Amino acid sequence: MRIETQRPEMPVQVNPSGECVELGIGEPSGSRWLVTALSLPQAEMVLHALGLEVAQIKERQRREAAERAHLAQIVADTEVHRR
1 MRIETQRPEM
11 PVQVNPSGEC
21 VELGIGEPSG
31 SRWLVTALSL
41 PQAEMVLHAL
51 GLEVAQIKER
61 QRREAAERAH
71 LAQIVADTEV
81 HRR
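Our numbering puts the first residue of the sequence shown at 1, with every later residue one more than the last.
Think of the hints as simulated: they come from the structure by calculation, not from any bench.
Predicted, not measured: the structure shown is a model, and the values here were computed from it.
Cβ atoms here follow ideal geometry from the backbone N, Cα and C, with glycine treated the same way.
Do not take every clue at face value.
As the list claims (entries may be wrong) - Cβ-Cβ distance ranges computed for the label pairs, FRET-style:
id : residue 1 : residue 2 : range
1  : V12       : K58       : 18 to 26 Å
2  : E27       : E67       : 16 to 24 Å
3  : T78       : S39       : 55 to 63 Å
4  : S29       : R60       : 14 to 22 Å
5  : Q42       : T5        : 17 to 25 Å
6  : P28       : A55       : 17 to 25 Å
7  : A65       : E44       : 30 to 38 Å
8  : Q56       : E19       : 30 to 38 Å
9  : P41       : Q73       : 41 to 49 Å
10 : Q13       : Q56       : 36 to 44 Å
11 : R63       : M10       : 43 to 51 Å
12 : N15       : V80       : 56 to 64 Å
13 : T78       : L52       : 33 to 41 Å
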């Protein structure tokens, strides 16, 4: 499986390899190609850790958006009361 990233030269590739999973970052023909083989338990831990980090980032973004919306509402209410 190949996953394109925001930086086209740094795609992520995941391939089964016997009893493990190969994780590659970059282009296989490129000088910045990084690849590692993960056992199935390691791959599960990495997947879980990535999921947790993504969830935390999304929650922080949600809270920040809610805070911005709340502050915008306060500013709008203040403008209405001034008139």
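Status of each hint after checking the structure:
1. V12 / K58: 18 to 26 Å: 19 Å, holds
2. E27 / E67: 16 to 24 Å: About 40 Å separates the Cβ atoms of E27 and E67, which means 16 to 24 Å is violated.
3. T78 / S39: 55 to 63 Å: Holds - the Cβ-Cβ distance for T78 and S39, about 58 Å, lies within 55 to 63 Å.
4. S29 / R60: 14 to 22 Å: 37 Å, violated
5. Q42 / T5: 17 to 25 Å: Cβ of Q42 to Cβ of T5: about 22 Å, so the range 17 to 25 Å holds.
6. P28 / A55: 17 to 25 Å: 31 Å, violated
7. A65 / E44: 30 to 38 Å: 31 Å, holds
8. Q56 / E19: 30 to 38 Å: 31 Å, holds
9. P41 / Q73: 41 to 49 Å: About 48 Å separates the Cβ atoms of P41 and Q73, which means 41 to 49 Å holds.
10. Q13 / Q56: 36 to 44 Å: Check failed, 25 Å falls outside 36 to 44 Å.
11. R63 / M10: 43 to 51 Å: Violated - the Cβ-Cβ distance for R63 and M10, about 29 Å, lies outside 43 to 51 Å.
12. N15 / V80: 56 to 64 Å: 59 Å Cβ-Cβ, so the 56 to 64 Å window holds.
13. T78 / L52: 33 to 41 Å: Holds - the Cβ-Cβ distance for T78 and L52, about 39 Å, lies within 33 to 41 Å.
Of the numbered hints stated above, those contradicted by the structure are hints 2, 4, 6, 10 and 11, listed in ascending order.
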